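Chain B: place on chain A using the hints.
Just so you know, the protein sequences line up as chains A and B, in that order. Using our numbering, read the first sequence as starting at 54 and increasing by one per residue. Using our numbering, read the second sequence as starting at 14 and increasing by one per residue.
No lab work stands behind these hints: they were computed from the structure. Keep in mind that a hint or two might mislead.
[As the list claims (entries may be wrong)] Derived SDA-like pairs: lysine to any residue, alpha-carbon spacing no greater than 20 angstroms straight-line:
(1) A:Lys-366 / B:Ala-281
(2) A:Lys-68 / A:Leu-118
(3) A:Lys-160 / B:Asn-172
(4) A:Lys-329 / B:Asn-279
(5) B:Lys-203 / A:Ser-237
(6) A:Lys-369 / B:Lys-282
(7) A:Lys-236 / B:Gly-213
(8) A:Lys-199 / A:Leu-85
(9) B:Lys-126 / A:Trp-266
(10) A:Lys-119 / B:Glu-194
(11) B:Lys-61 / A:Tyr-193
(12) B:Lys-282 / A:Gln-371
(13) B:Lys-61 / A:Ser-230
(14) B:Lys-257 / A:His-210
(15) B:Lys-282 / A:Gly-364
(16) B:Lys-197 / A:Thr-280
(17) A:Lys-366 / B:Asn-269
(18) B:Lys-197 / A:Gly-211
(19) A:Lys-195 / B:Ser-252
(20) A:Lys-344 / B:Glu-104
(21) A:Lys-344 / B:Ser-266
(22) A:Lys-303 / B:Glu-216
(23) B:Lys-126 / A:Ser-230
(24) B:Lys-52 / A:Asn-95
(25) B:Lys-259 / A:Lys-244
(26) B:Lys-282 / A:Phe-368
(27) B:Lys-203 / A:Ala-229
(28) A:Lys-244 / B:Lys-197
(29) A:Lys-240 / B:Ser-179
(30) A:Lys-344 / B:Lys-52
(31) A:Lys-68 / B:Glu-194
(32) B:Lys-282 / A:Asn-308
(33) A:Lys-240 / B:Thr-188
(34) A:Lys-329 / B:Lys-257
(35) A:Lys-174 / B:Glu-254
(36) A:Lys-369 / B:Glu-272
[Claimed, not checked] The following residues of chain B were derived to be distant from chain A, with all beta-carbon distances above 12 angstroms:
(37) Ser-60
(38) Ala-101
(39) Ser-202
(40) Lys-234
Quick caveat, the model's predicted, so the values are computed rather than measured. We treat Cβ as the ideally placed atom computed from N, Cα and C, and that holds for glycine.
Residue-level listing of the chains:
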Amino acid sequence: MAILIYAESENGKYKKDSFEIASYARVTADKLNTSVTAVSINADDPNELGNYGVDKVLHISNDSLKNFNAVIYADIIKQAFESESSNLAILSSSSNAKYLGSLLSVKINAGYITNVIEIPKEFDPLTVKRNSFTNKAFEYTKINSKNRQLAVSKNSHGVIENKTSIQIETFEVTLASSEINVKSTEKASNKVTIADAEIVVSGGRGLKGPENWWMVEELADVLGAATACSKPVSDLGWRPHSEHVGQTGKLVSSNLYIAIGISGAIQHLAGINSSKVKVVINNDPDAPFFKAADYGIVGDAFEVVPKLIEGLKTFKSQNT
Amino acid sequence: MFDNKNFKLNYVFLSTKFYPLNIMKILVCISHVPDTTSKINFTENNSKFDENGVQFVINPNDEFGLTRAMWFKEKQGASVDVINVGLADTEPTLRKALAIGADKAIRINSDPKNGLNVAKQIAYIVSSESYDLVIGGRESIDYNGGMVPGMIAGLVNYNFVDKCISLEINNDSITAAREIEEGKEIIESKLPLVIAGQKGLVEESDLRIPNMRGIMMARRKELQVINAIDEDNSTCTVSFEKPKPKGEITLVSSDNVDELINLLHNEAKAI
Numbered sequence: 054m055a056i057l058i059y060a061e062s063e064n065g066k067y068k069k070d071s072f073e074i075a076s077y078a079r080v081t082a083d084k085l086n087t088s089v090t091a092v093s094i095n096a097d098d099p100n101e102l103g104n105y106g107v108d109k110v111l112h113i114s115n116d117s118l119k120n121f122n123a124v125i126y127a128d129i130i131k132q133a134f135e136s137e138s139s140n141l142a143i144l145s146s147s148s149n150a151k152y153l154g155s156l157l158s159v160k161i162n163a164g165y166i167t168n169v170i171e172i173p174k175e176f177d178p179l180t181v182k183r184n185s186f187t188n189k190a191f192e193y194t195k196i197n198s199k200n201r202q203l204a205v206s207k208n209s210h211g212v213i214e215n216k217t218s219i220q221i222e223t224f225e226v227t228l229a230s231s232e233i234n235v236k237s238t239e240k241a242s243n244k245v246t247i248a249d250a251e252i253v254v255s256g257g258r259g260l261k262g263p264e265n266w267w268m269v270e271e272l273a274d275v276l277g278a279a280t281a282c283s284k285p286v287s288d289l290g291w292r293p294h295s296e297h298v299g300q301t302g303k304l305v306s307s308n309l310y311i312a313i314g315i316s317g318a319i320q321h322l323a324g325i326n327s328s329k330v331k332v333v334i335n336n337d338p339d340a341p342f343f344k345a346a347d348y349g350i351v352g353d354a355f356e357v358v359p360k361l362i363e364g365l366k367t368f369k370s371q372n373t
Numbered sequence: 014m015f016d017n018k019n020f021k022l023n024y025v026f027l028s029t030k031f032y033p034l035n036i037m038k039i040l041v042c043i044s045h046v047p048d049t050t051s052k053i054n055f056t057e058n059n060s061k062f063d064e065n066g067v068q069f070v071i072n073p074n075d076e077f078g079l080t081r082a083m084w085f086k087e088k089q090g091a092s093v094d095v096i097n098v099g100l101a102d103t104e105p106t107l108r109k110a111l112a113i114g115a116d117k118a119i120r121i122n123s124d125p126k127n128g129l130n131v132a133k134q135i136a137y138i139v140s141s142e143s144y145d146l147v148i149g150g151r152e153s154i155d156y157n158g159g160m161v162p163g164m165i166a167g168l169v170n171y172n173f174v175d176k177c178i179s180l181e182i183n184n185d186s187i188t189a190a191r192e193i194e195e196g197k198e199i200i201e202s203k204l205p206l207v208i209a210g211q212k213g214l215v216e217e218s219d220l221r222i223p224n225m226r227g228i229m230m231a232r233r234k235e236l237q238v239i240n241a242i243d244e245d246n247s248t249c250t251v252s253f254e255k256p257k258p259k260g261e262i263t264l265v266s267s268d269n270v271d272e273l274i275n276l277l278h279n280e281a282k283a284i
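Chain A with its partners taken away, still in its complex shape (with noise of 0.2 angstroms):
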């Protein structure tokens, strides 16, 4: 009755969110009194997973699995949730988990809760907070079926260091058979993804114009950040829409959020309010952002954001 996560890795290389679910499902294996699994597929270093709770990896290394596919994929998740006589899946939130997820609950027969942001409330049956809504409410929701299956959301939980005697073992699948073929992937090369950043700078109608947007990328440069604009800024055209941050953009989760010159629609606030740490600069006192902001400053951005670019580069060459 192992707990079962499926460990995402990319080039090898395990995602950040695999540790992090890794984190959950320990925490949530000690509530029960139970184990937890990986699936591992085509990772390099499956004892990493050592590090983050996981007692024993289904190691997966095959060379046709090495692109992404949604069905194969869940179809080897649903092997090994079988396999290890497991009742509760648990996923993480990225694109590729969720793309995944809805197909494996109709495999596994699951009962199924996204956007999970809680250790398990209650236990019997399975009840978990959730995000809802879109952020501008709280959920919670019981699981009735005997198979459960919940996708944390990120940087909900967090990633929790707990060593444990992994056991590594090779696990054979039969790979499912699909119609979906990618025949190339368009990657931002060396960009920090909106997905993946800690923290996210973003610019809005009050940056004036997309000559503008060197103050948003410089500071982002200095923070490590990503950068995403609001919604008019890519509807004129500014910025592309990959940026877009808002109710039917982008959802953003990451520990800082700076928005400059945005002035705080009800719809962009809902695509950042899990968000830990929102900071406003905005030249309106009476913009909405003032009023779902920790920090704030009223200035115009074309003296402020300079002058804090110049700041935190100080700070930074005082702080590594």
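What follows is chain B alone, placed relative to chain A:
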């Protein structure tokens, strides 16, 4: 996985609208959700969403998909049906989809407790009516489950593209783009297909506001009500909770950005 043989015969008699055989059949799943600007409150001891004074709309992610479906209908020839799993109060939202240009609406009469229940109801219609393309949204902006399209695909064994930001169809071959963390992935596949759509399928500026003619025509279009099958109870809501009101903001003078750096480092521990 999904056995529909027993239902199929019944369903044929229920259906009154027929399309030419060779035309692509599209089904767009429409979630009926509170407008994006709604204040979110709960009632009945925090167990139910308070609909009082709330304006309901087509879920934004579904609207992008519906608009793309209209494009297929107009440029390539397709029939477009819309479906919702809900009680009678969702009908104005389905009528709006008809006013935008959908041919027929289906409402499965059920107050769904979870995503799987919605998926099961829709999967039954998808397989009994043999739709070629099923368009859902990445997630609904109310419960944010983000699972219904994938579950439908899993139940009826169709190909599936999540977070779909572009879709082209050529006979039974499709090319789609899926949004991933670092950019996008270009996928080739075949019909029948389910997608979970979002902005990018069409742009905001492509969205259509129903005109008077569309609204008048929508009144005469078919809105079929079907009883639910096999209600699912695998998960259910226990209660809701609103986030605690935010503490006061700490304002820093624009002449003293070093103080902001200091606070972010020492107090918030964010840098």
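Verification of the hints:
1. Restraint check: the Cα-Cα separation between Lys-366 of chain A and Ala-281 of chain B comes to about 19 angstroms, which is no more than 20 angstroms; the hinted pair holds.
2. At most 20 angstroms may separate the alpha-carbon atoms for a hinted pair to count; Lys-68 of chain A and Leu-118 of chain A meet this at roughly 17 angstroms.
3. Restraint check for Lys-160 of chain A and Asn-172 of chain B: the C-alpha separation of about 15 angstroms stays at or below 20 angstroms, so the hint holds.
4. With a CA separation close to 15 angstroms, the supplied pair Lys-329 of chain A and Asn-279 of chain B stays within the 20 angstroms bound.
5. Between the alpha carbons of Lys-203 of chain B and Ser-237 of chain A the distance comes to roughly 17 angstroms, so the proposed pair stays at or under 20 angstroms and holds.
6. A C-alpha spacing of about 14 angstroms is found between Lys-369 of chain A and Lys-282 of chain B, which places the hinted pair at or below 20 angstroms, so the restraint holds.
7. With a CA separation close to 19 angstroms, the supplied pair Lys-236 of chain A and Gly-213 of chain B stays within the 20 angstroms bound.
8. The hinted pair formed by Lys-199 of chain A and Leu-85 of chain A meets the criterion: a straight-line CA distance of about 15 angstroms does not exceed 20 angstroms.
9. At roughly 45 angstroms between alpha-carbon atoms, Lys-126 of chain B and Trp-266 of chain A are farther apart than 20 angstroms, so this suggested pair is violated.
10. Under the criterion of a C-alpha separation no larger than 20 angstroms, the hint pairing Lys-119 of chain A with Glu-194 of chain B is consistent with the structure, at around 18 angstroms.
11. A distance of roughly 12 angstroms separates the Cα atoms of Lys-61 of chain B and Tyr-193 of chain A; the hinted pair therefore holds under the 20 angstroms criterion.
12. A distance of roughly 16 angstroms separates the Cα atoms of Lys-282 of chain B and Gln-371 of chain A; the hinted pair therefore holds under the 20 angstroms criterion.
13. Between Lys-61 of chain B and Ser-230 of chain A the alpha-carbon distance is near 42 angstroms, which puts this suggested pair outside the 20 angstroms criterion.
14. Under the criterion of a C-alpha separation no larger than 20 angstroms, the hint pairing Lys-257 of chain B with His-210 of chain A is consistent with the structure, at around 19 angstroms.
15. At roughly 17 angstroms between alpha-carbon atoms, Lys-282 of chain B and Gly-364 of chain A fall within 20 angstroms of each other, so this suggested pair holds.
16. With a CA separation close to 17 angstroms, the supplied pair Lys-197 of chain B and Thr-280 of chain A stays within the 20 angstroms bound.
17. For the suggested pair Lys-366 of chain A and Asn-269 of chain B, the alpha carbons sit about 15 angstroms apart, so the restraint of at most 20 angstroms is met.
18. Taking the CA atoms of Lys-197 of chain B and Gly-211 of chain A, the gap is near 27 angstroms; set against the 20 angstroms cutoff, the hint is violated.
19. Simply put, Lys-195 of chain A and Ser-252 of chain B have alpha-carbon atoms about 10 angstroms apart, close enough for the 20 angstroms limit, and the pair holds.
20. For the hint pairing Lys-344 of chain A with Glu-104 of chain B, the CA-to-CA distance comes to about 37 angstroms; that exceeds 20 angstroms, so the pair is violated.
21. Using a Cα cut-off of 20 angstroms, the hinted pair Lys-344 of chain A and Ser-266 of chain B holds, with the two alpha carbons roughly 17 angstroms apart.
22. At roughly 15 angstroms between alpha-carbon atoms, Lys-303 of chain A and Glu-216 of chain B fall within 20 angstroms of each other, so this suggested pair holds.
23. A hinted pair counts as satisfied when its Cα atoms are at most 20 angstroms apart, and Lys-126 of chain B with Ser-230 of chain A does not qualify at roughly 32 angstroms.
24. Only pairs whose Cα atoms come within 20 angstroms are accepted, and Lys-52 of chain B paired with Asn-95 of chain A is rejected, the gap being roughly 46 angstroms.
25. Between Lys-259 of chain B and Lys-244 of chain A, the direct Cα distance comes to roughly 32 angstroms. Violation of the 20 angstroms bound is thereby established for this hinted pair.
26. About 14 angstroms separates the Cα atoms of Lys-282 of chain B and Phe-368 of chain A, which keeps this hinted pair within 20 angstroms; it holds.
27. A distance of roughly 17 angstroms separates the Cα atoms of Lys-203 of chain B and Ala-229 of chain A; the hinted pair therefore holds under the 20 angstroms criterion.
28. Between Lys-244 of chain A and Lys-197 of chain B the CA atoms are separated by roughly 14 angstroms; this keeps the pair inside 20 angstroms, and the hint holds.
29. Our distance criterion of 20 angstroms between C-alpha atoms is met by Lys-240 of chain A and Ser-179 of chain B, whose separation comes to about 16 angstroms.
30. Taking the CA atoms of Lys-344 of chain A and Lys-52 of chain B, the gap is about 15 angstroms. The hint holds against a cut of 20 angstroms.
31. A threshold of 20 angstroms between alpha carbons decides the hint, and for Lys-68 of chain A with Glu-194 of chain B the separation of about 12 angstroms falls inside it, so the pair holds.
32. With a CA separation close to 9 angstroms, the supplied pair Lys-282 of chain B and Asn-308 of chain A stays within the 20 angstroms bound.
33. Taking the CA atoms of Lys-240 of chain A and Thr-188 of chain B, the gap is near 18 angstroms; set against the 20 angstroms cutoff, the hint holds.
34. At most 20 angstroms may separate the alpha-carbon atoms for a hinted pair to count; Lys-329 of chain A and Lys-257 of chain B meet this at roughly 14 angstroms.
35. Between Lys-174 of chain A and Glu-254 of chain B the CA atoms are separated by roughly 14 angstroms; this keeps the pair inside 20 angstroms, and the hint holds.
36. Restraint check: the Cα-Cα separation between Lys-369 of chain A and Glu-272 of chain B comes to about 15 angstroms, which is no more than 20 angstroms; the hinted pair holds.
37. With a least CB separation of 10 angstroms from chain A, Ser-60 of chain B falls inside the 12 angstroms interface cut-off, contrary to its annotation.
38. For Ala-101 of chain B, the requirement that its beta carbon stay farther than 12 angstroms from each beta carbon of chain A is met, with the minimum near 23 angstroms.
39. The Cβ of Ser-202 of chain B does not lie farther than 12 angstroms from every Cβ of chain A; its closest approach is about 5 angstroms, which violates its non-interface assignment.
40. For Lys-234 of chain B, the non-interface assignment is confirmed: its Cβ lies about 27 angstroms from the closest Cβ of chain A, beyond the 12 angstroms cut-off.
Hints 9, 13, 18, 20, 23, 24, 25, 37, 39 from the earlier list are contradicted by this structure; the remaining hints agree with it.
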